[in-house]
Amino acid sequence: MFSTSTFLASFGPLFWAARFTLLISLLGIGLGLVIGALICAAALSRRVWLRRFAALWVSFLRGVPLLVQLLLCYYLLPVIGINVPALVAAVVTVGICSSAYVSEIWRGAIIALPPGQAEAATAIGMGGPRDIWTRIILPQAARPFTASPCPMR
1 MFSTSTFLAS FGPLFWAARF TLLISLLGIG LGLVIGALIC AAALSRRVWL RRFAALWVSF
61 LRGVPLLVQL LLCYYLLPVI GINVPALVAA VVTVGICSSA YVSEIWRGAI IALPPGQAEA
121 ATAIGMGGPR DIWTRIILPQ AARPFTASPC PMR
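Letter 48 of the sequence shown, counting from 1, is numbered 48 in the UniProt record's numbering, and no numbers are missing.
Simulated from the structure, these hints should not be mistaken for lab results. Don't be surprised by glycine CBs; every beta carbon is placed ideally from N, CA and C. Take the hints with a grain of salt, since some may be wrong.
Said to hold, decoys possible - Ranges between beta-carbon positions, derived for each pair:
| id | residue 1 | residue 2 | range |
| --- | --- | --- | --- |
| 1 | P114 | R47 | 36 to 44 Å |
| 2 | R143 | N83 | 38 to 46 Å |
| 3 | L50 | L26 | 23 to 31 Å |
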């Protein structure tokens, strides 16, 4: 039978747990944005070994469910001698998992830009590759990147 008092009494623990869920999500996705940018840079690199590492990273992390990654991180790290609190393990795992999705979103946004953008910047004598990336490519790629509703689907 439905008990209103039991239903209302459960809101306190649910709100307490929701704070941790929100904390893990925000910190994990923030970490995923940073790692994802690095993996995207590796995927777009001229070095073959960096591109292969990025492809392996993305294919493995997108192929293994987040719950399996959480279990591996939480139970496997103490076996190899790395003891971390559960909250840290959850944040790192969510960050690493979301980095694969973020890197693919960034890579797709950068590849979608016409190559003439960078060529035109070089033709008018704009600075080196760093200026071209920070002033031309990344600002234009940021718009399709932010259009994605969630980095991890």
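Item to check | Violated constraints from the hint list, given by number and in increasing order | outcome: Violated hint (a single one): 1; every other hint is consistent with the structure.
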